[in-house]
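Numbering (my numbering), first residue to last: 20 to 350.
Careful: at least some of the hints might be erroneous.
[As the list claims (entries may be wrong)] Derived lysine-lysine pairs resembling BS3-like cross-links, with alpha carbons at most 30 Å apart: (1) K152 with K162; (2) K251 with K52; (3) K277 with K251; (4) K162 with K243.
Note that these hints are calculated values from the structure, not bench results.
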Amino acid sequence: MTDRSDTARDPAASIPSPPGPHHREPLPWQVPKPPEEDPEAPQRVQQILASPSYRPAIADLAFLNSDETRPVRLQLDYLKPELGLRHAGVRHTIVVFGSTRIPEPAAARRKLAILREALERRPDNAELQRRVKVAERIAAKSKYYDVAREFGRLVGNAGHGPLDCRLVVMTGGGPGMMEAANRGAFDVGAKSVGLNITLPHEQFPNPYITPELCFQFHYFALRKLHFLLRAKALVVFPGGFGTLDELFETLTLIQTRKIKPVPVVLVGEDYWRQVIDFDFLVEEGTIDPEDRELFWYAETAREIWEGILWWYESCGEPLINGELYPLRGED
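Start from the sequences and build out the full structure, keeping to the hints where you can.
What follows is the structure in structure tokens.
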């Protein structure tokens, strides 16, 4: 007869040993039904395993790309960049837009030289004449590549220096003016963000974006949201439809009081005054006179940066975390 008092004193006498993690009896569902029980069973199991319905939802691309799962895709399109930016410590951004068609000056000059040589061989070709004139204008505007690049350096050197990720440059991730701004931050060893978008023709990110801060969006709407969520300023270089889209969206949100005002700087006054006649809009009564004060013009990187600093000092609001950023760019 077992002594109950001994069992109570010795747990090993009544508690089974923990099951081994590897050497255990197989469970019935760990192996498919054998062919000796049903010759057609293995083939049927393979058909089931190959069926799209059997794929886990996260691995079923057809399911994830269906109309019915669009709400989930919208959430993921927002969440992945959000978590990436948080993880990197990015709190605020200065968003830079501009044409993807304006390259660095050396590249613009090379293209112009090629077109001029072609025109010399075919001087009566009207299309070549047109393309040379356009290339000449692009070459003239390529000076802004250097301005955007210098501005990227100034932002990258601001605050506590290049390792301070609280305020970074953010662009649309493409070439041209956006490449220049990312490149300027890269020059000084600072991180910068690029928000690319999936397009029918593949869009390559420019090579100067910080790899872990380059995100590809499916939805323009979510990309636009991330452009403005952390924006402390919008700097707009000469550009086309995409640039105008982001500019007017930001101005509209500020005008309608949907977001707090932020500095909006249009770089290249001559260009912008020809593209948009804001005075005409005021005279026509389609915008208020005060709406003309929602932005200003600048020509150099220093003017842009010092204007942003002055704007925040004037409204008594710190650029970030209770401290005004000193101007620590290159002399």
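Each hint tested on the structure:
1. Between K152 and K162, the direct Cα distance comes to roughly 17 Å. Compliance with the 30 Å bound is thereby established for this hinted pair.
2. Of the pairs offered as hints, the one joining K251 and K52 is violated, with about 63 Å between alpha carbons and a cut-off of 30 Å exceeded.
3. Restraint check: the Cα-Cα separation between K277 and K251 comes to about 15 Å, which is no more than 30 Å; the hinted pair holds.
4. Pair hint K162 plus K243 holds up; C-alpha atoms about 27 Å apart against a cutoff of 30 Å.
The structure fails to meet hint 2 from the earlier list, while all remaining hints are met.
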